[in-house]
Amino acid sequence: AQRVTQPEKLLSVFKGAPVELKCNYSYSGSPELFWYVQYSRQRLQLLLRHISRESIKGFTADLNKGETSFHLKKPFAQEEDSAMYYCALGGTYKYIFGTGTRLKVLA
Amino acid sequence: NAGVMQNPRHLVRRRGQEARLRCSPMKGHSHVYWYRQLPEEGLKFMVYLQKENIIDESGMPKERFSAEFPKEGPSILRIQQVVRGDSAAYFCASSPQDGSYEQYFGPGTRLTVT
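Residue numbers (the working numbering), protein chains in the order written: chain A, 14 to 120; chain B, 768 to 881.
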């Protein structure tokens, strides 16, 4: 079955500390993976997709097919990174979302 | 480009009433997707439409829910005879092609059934 798991509902870190938001997936084909972010009172917006291998706002994510993971990382958290983060599995039009992780960056 | 528009942003309905949620895709986008987010859950796919066609409605509840995307005008998600369990955030997304490209999301409609 296709599934996305984000094991942490809430992650609190101090400003300047490293951040890792975990995402594991289950998919039989060739996955397309995305990270979406939702800042307070704003719409969901694309942060990263594994195909582009970009770094956006200092965030990176590497697809590890052996561990079926797509963890989101940032070396130094900033207060403006506080938001809900959703990992999503594509591959077809039917995106499958994880339950999200709320990141709180403390001053 | 104003982005994906959804209205209303908040909708309150009494049990048994009908709810109509509207979604205007981004300019140039002809593919629309509806997702539902129940409290404490992730977004769940409901339906995928192209102009005048329902491509995949496998995520739609079998009864009371319907969706359309007419040749002119917004896409509409219609929920008849709402029940408390329909209370959720409903998100619309659009894309210029199918899921090979990223989906652009609207701000969502929060439906509350009293």
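Calculated directly from the structure, the hints in this document are not laboratory data.
Errors might be hidden in some of the hints.
What the hints assert, rightly or not - Derived lysine-lysine pairs resembling BS3-like cross-links, with alpha carbons at most 30 Å apart: (1) A:K117 to B:K794; (2) A:K22 to A:K78; (3) A:K22 to A:K117; (4) B:K818 to B:K794; (5) A:K117 to A:K28; (6) A:K35 to A:K107; (7) B:K838 to A:K70; (8) B:K838 to B:K818; (9) A:K35 to A:K22; (10) A:K117 to B:K838; (11) B:K838 to B:K811; (12) B:K811 to A:K86; (13) A:K107 to B:K811; (14) A:K70 to A:K35; (15) A:K107 to A:K86; (16) A:K35 to B:K818; (17) B:K794 to A:K70; (18) B:K829 to A:K35; (19) B:K811 to B:K829; (20) A:K22 to A:K70; (21) B:K794 to A:K107; (22) A:K28 to A:K107; (23) B:K838 to A:K22; (24) A:K35 to A:K86; (25) A:K78 to A:K117; (26) A:K70 to A:K86; (27) A:K22 to A:K86; (28) A:K117 to A:K70; (29) B:K829 to B:K818; (30) A:K35 to A:K117; (31) A:K28 to A:K86; (32) A:K78 to B:K811; (33) B:K818 to A:K22; (34) B:K811 to B:K794; (35) B:K838 to B:K794.
To be verified - Selected chain A positions facing chain B (in silico; Cβ < 8 Å): (36) Y40; (37) P44; (38) Y52; (39) R56; (40) L57.
In this text, all values refer to a predicted model and were calculated from it rather than measured experimentally.
Glycine residues also receive a C-beta, built at the ideal position from the N, C-alpha and C atoms.
Those earlier numbered hints the structure runs against, lowest number first: Hints 1, 7, 10, 16, 18, 22, 23, 33, 36, 37, 38 not satisfied by this model.
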